[in-house]
Structures are given as C-alpha cells and as structure tokens.
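A.B. asks: These are the residues of each chain, in order.
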Amino acid sequence: MNNASLGNIARFVLLLAAQVLIFNRIDLFGFINPFPYVLFIILYPVNGNKMGLMAASFFLGLLMDMFCNSGGVHAAACLVLAYYRPAIFKFSFGLSYEYQTVKLNDTLTPERFSFILIAVVLHHFVLFVLEVFKISFLWDILVRTVLSTLFTIITCIIIIYIIKPSKR
Amino acid sequence: MQQIFNFILKNSNRLLFLLLLVISLLLTIQSHSYHKSKIISSANFFTGGIYERVNNINEYFSLKSQNEELALENARLKSLLFNQKDTTKVAQLDTIKGVKKTDIIVSKVIHNSYSVHENYLTINSGEADGVRPDMGVINSAGIVGIVDKTSKNYATVISILNINSKINAKIKKSNHFGSLVWNGKSTGFVQLIDVPRLAGVRKGDTIVTGGQSIIFPENIGIGTIDKVYIDNVTNYYTLDIKLFNDMTNLGHVYIIKNKDAEEISNLEKQNKNDE
Chain W
1 MNNASLGNIA RFVLLLAAQV LIFNRIDLFG FINPFPYVLF IILYPVNGNK MGLMAASFFL
61 GLLMDMFCNS GGVHAAACLV LAYYRPAIFK FSFGLSYEYQ TVKLNDTLTP ERFSFILIAV
121 VLHHFVLFVL EVFKISFLWD ILVRTVLSTL FTIITCIIII YIIKPSKR
Chain B
1 MQQIFNFILK NSNRLLFLLL LVISLLLTIQ SHSYHKSKII SSANFFTGGI YERVNNINEY
61 FSLKSQNEEL ALENARLKSL LFNQKDTTKV AQLDTIKGVK KTDIIVSKVI HNSYSVHENY
121 LTINSGEADG VRPDMGVINS AGIVGIVDKT SKNYATVISI LNINSKINAK IKKSNHFGSL
181 VWNGKSTGFV QLIDVPRLAG VRKGDTIVTG GQSIIFPENI GIGTIDKVYI DNVTNYYTLD
241 IKLFNDMTNL GHVYIIKNKD AEEISNLEKQ NKNDE
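Chains as they are written, first to last, in UniProt numbering: chain W, 1 to 168; chain B, 1 to 275.
No lab work stands behind these hints, which were simulated from the structure alone. It is possible that part of the hints are untrue.
Once the Cα atoms are required to be at most 25 Å apart in a straight line, the calculated SDA-like pairs of lysine to any residue come out as [claimed, not checked]:
{"no.": "1", "chain 1": "B", "residue 1": "K257", "chain 2": "B", "residue 2": "D205"}
{"no.": "2", "chain 1": "B", "residue 1": "K166", "chain 2": "W", "residue 2": "S136"}
{"no.": "3", "chain 1": "W", "residue 1": "K134", "chain 2": "B", "residue 2": "S65"}
{"no.": "4", "chain 1": "W", "residue 1": "K134", "chain 2": "B", "residue 2": "K166"}
Derived coverage of chain B by chain W (criterion: at least 3 residues anywhere in the stretch with Cβ under 8 Å from a Cβ of chain W; other residues may be distant) [claimed, not checked]:
{"no.": "5", "segment": "113-123"}
{"no.": "6", "segment": "253-267"}
Values in this document were obtained by computation on a predicted structure and should not be read as measured data. Here a beta-carbon is modelled for each residue, glycine too, at the ideal position from N, C-alpha and C.
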C-alpha cells in the first residue's frame with residue numbers, strides 16, 4: 001500500500017459518493033447532470049498500471065449503474081475512456097508524454113484543457129448513445145452530450161482547483 | 001501452446017478491454033429490454049440502504065408540503081365517509097375511489113429519477129412487506145408506475161416517465177381505450193396513443209386507468225387532455241396528456257395488491273397452454 005494507490009482509492013470513493021449524493025440530484029433544466037466522477041479516470045497517475053485502471057473504471061461505472069438503474073451504460077463509457085486514455089495523452093501532450101512528468105492537477109494550460117475536453121466528450125458520447133439506444137433520438141443524444149459536457153468540464157475544473165495540492 | 005501464451009500476454013490489455021466491454025454491453029442491452037438483470041439495480045441492499053439514509057435527511061425539507069397533501073387527502077376521504085347514503089354500513093378501509101378486491105401497502109419513494117429516457121423510482125418496501133413485481137403504484141393524485149424488481153426491503157418501480165412503459169387507459173367520459181406511453185420529452189406530459197377516431201375528444205377531458213389490466217383498478221386518475229393530433233401512420237388519435245401528478249416531486253405512494261391477479265394470470269396461462 002503505497003501513497004499513490006491510497007490516493008487512488010480515496011479518489012474512487014469520494015468522487016463516487018459526491019456523484020451519487022450531490023451531482024446526480026442537480027437536474028438542470030430537467031435533464032442536464034454533470035458527471036465529475038470521470039475525474040477518477042482523468043487524474044489516475046500517467047504511468048500507473050493500465051490493467052488496474054481499466055478494472056477500476058469498470059467497477060466505478062458498474063457502481064454508478066447500480067445507483068442509476070441503467071444496466072451497464074456507465075461501465076461501458078468509463079471502460080472506453082480508460083482504454084483510449086493513452087491515445088488522448090499522446091494527442092494532447094505530444095509523443096513523449098510518458099517520459100515527462102505530466103501533472104494534471106495543476107494550473108490550466110491548453111494541453112491540459114484539451115485532454116480533459118476530449119476525455120469528457122468521449123465518455124459522454126458513449127454514455128448517451130448507450131443510454132438512449134435509439135437512432136431516432138440522434139438529435140437528443142447530441143444535445144445532451146454537448147450540454148452535459150459543458151457542465152461536467154466546468155465542475156471538473158472547479159474540483160481540480162479545489163483539491164490542487166498547495167505549493168511549497 | 002507457447003505462442004498462445006505469448007499472444008495472451010502481449011495483448012492482455014486489449015483482451016481485458018474487450019472482455020469487460022462485452023460484459024457491459026450485455027448488461028446495457030439487457031437493461032433496455034423489459035425484464036432486466038436483478039443485480040444491477042438500486043433495489044439491492046447496498047444502494048437501497050444508501051438511498052434510504054439520504055432520503056431520511058431530505059425528507060425534512062418537504063415535511064410541510066407532504067403534510068398538506070396528506071391533510072387534503074384525509075379531508076377527501078372524510079367527506080366520502082360522511083356522505084355515505086347508508087350510514088349503517090361501516091366504510092371499508094379501502095375507500096379510494098374505484099379500488100376493489102385489493103389491498104393497499106403504504107410506501108415511500110426514496111429515490112426518484114426523471115432526467116433520462118428510462119426512469120425508475122426506488123421505494124422503501126419490498127418482499128417483506130408483500131410487494132411483488134407487476135403491482136401498480138399510485139399516490140393521492142394519480143398513477144405513478146409499476147413495480148419492477150423487488151428485494152427484501154426495497155423495490156424499483158418503472159415510472160410512467162419511461163419509454164418502455166405501456167399502460168391501459170381510457171377517456172373517462174366516453175370509455176374509449178388507448179395505450180399510455182411516454183415520448184421522452186417533458187416530465188409533465190405523457191401520450192395516449194391508439195385512440196379510435198370515433199371517440200369524441202375535447203381538450204380538458206379526464207383520462208383514467210382502464211379496466212383491462214390486472215395491475216391497476218379502473219378509474220384511477222392520470223391527467224387531462226392537453227393537445228389532440230392525428231397520427232399520420234396509423235390514422236388514430238394521439239393525445240398529449242397533462243399529468244395530475246408532479247413526477248419530479250413524489251413522497252408517499254400506495255402499492256395496489258390485486259388479490260385476483262394470480263388467479264387471472266394463471267387462467268390466462270392455462271388458456272395459452274391449451275392452444
């Protein structure tokens with residue numbers, strides 16, 4: 001049990017609790033909810049164990065599904081995001097991201113913002129496609145994806161600034 | 001053999017991804033069919049327990065409106081009692097209009113969703129209180145939904161705001177039947193489809209449950225007609241119905257136990273077997 005894995009477990013529990021108890025109840029305009037629990041996948045250490053991340057995000061999504069009565073929708077969306085995370089890293093930070101020490105919970109730079117944006121859009125698009133599950137509601141899927149993405153990103157950035165470790 | 005192991009080791013990430021993806025997609029597909037898996041629902045011990053604890057706190061914020069609602073219903077029931085013509089007959093417990101041969105379980109909504117296309121409620125009574133799948137759920141204003149999954153102490157309810165729900169309903173005045181569905185757009189409105197063109201429909205007419213199902217008794221309020229249009233494909237009326245219930249704010253609900261339900265469904269099953 002080292003420091004990093006303890007931090008991961010704490011983030012897992014706290015973000016899930018905050019999502020279920022607070023953010024699922026917002027219902028802005030009746031249908032927009034932010035999903036800041038994806039921060040767990042976004043903030044997972046860059047060089048951390050990939051299989052561990054995939055298993056953890058799958059169970060995170062599955063627990064969300066239990067609370068939302070939604071089958072396996074969140075689990076699938078989280079899993080897709082966890083699998084494509086290295087690719088998004090490569091796109092946002094350049095090829096050699098693994099050798100740099102990329103720290104996400106720090107001041108917002110264009111690279112960090114683009115990473116969060118792509119990750120959230122990918123997660124939400126998969127989520128709403130599977131949740132609605134009907135091609136005739138395509139317009140509805142897009143509207144929900146765009147509005148929820150905006151809302152999620154704002155909440156995520158606020159949370160990152162709140163939990164940012166203080167500089168020495 | 002060595003090569004197979006090498007392949008698995010080399011692609012372990014991808015294989016794990018595919019395996020978990022298949023599991024989650026299976027769960028998703030299952031959840032979109034009417035009868036879904038029992039484990040992934042908020043009726044289980046863990047999620048139901050958390051929702052109940054949170055609801056215990058939230059309840060305090062709506063105590064006043066809940067009290068008013070209950071007082072209003074008491075007044076209505078009292079008036080029914082006092083206005084009975086034959087005073088020698090003692091009123092039965094179940095004097096809610098139209099309820100017969102049924103028993104009523106009082107329960108409380110501990111989790112309510114209305115922002116997605118397939119909405120479910122969680123209530124805090126389960127098999128231990130006699131709740132079984134496919135029982136009707138109403139409150140003092142009108143219908144709420146149908147019980148879907150039950151555990152020992154909790155149950156999930158398919159809300160009428162669920163695009164998979166389909167309930168038999170009729171126009172109170174003319175007794176024309178239709179199916180009550182939801183188009184997924186507004187939480188205040190549902191649709192009554194397949195109403196024959198013969199039916200005289202007017203804005204403001206009352207819609208109640210029909211007597212064709214064993215889930216709901218006849219004449220339980222649903223809403224009033226808000227808009228009338230003709231379906232281009234089927235040439236039947238489609239009616240927009242404004243709900244009596246505010247589905248975004250539910251407190252106490254009643255679960256209707258139909259004592260004849262088992263007998264009727266057994267009989268229907270027998271008929272099917274004979275064919």
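A.B. asks: The structure should be examined with respect to each hint, and the outcome stated for every one.
C.D. replies: Now for the hints, and whether the structure bears them out:
The suggested pairing of K257(B) with D205(B) is violated, with an alpha-carbon distance near 28 Å, which exceeds 25 Å. Restraint check: the Cα-Cα separation between K166(B) and S136(W) comes to about 19 Å, which is no more than 25 Å; the hinted pair holds. Distance restraint check for K134(W) and S65(B): the Cα-Cα separation of roughly 38 Å exceeds the 25 Å cut-off, and the hinted pair is therefore not satisfied. Taking the CA atoms of K134(W) and K166(B), the gap is about 18 Å. The hint holds against a cut of 25 Å.
With 8 residues carrying a beta carbon less than 8 Å from a beta carbon of chain W, the segment 113-123 of chain B meets the three-residue requirement, and the given coverage holds. Residue count for the segment 253-267 of chain B with a Cβ under 8 Å from a Cβ of chain W: 0. That is fewer than the three needed, and the coverage hint is violated.
When each numbered hint is compared with the structure, violations occur for hints 1, 3, 6.
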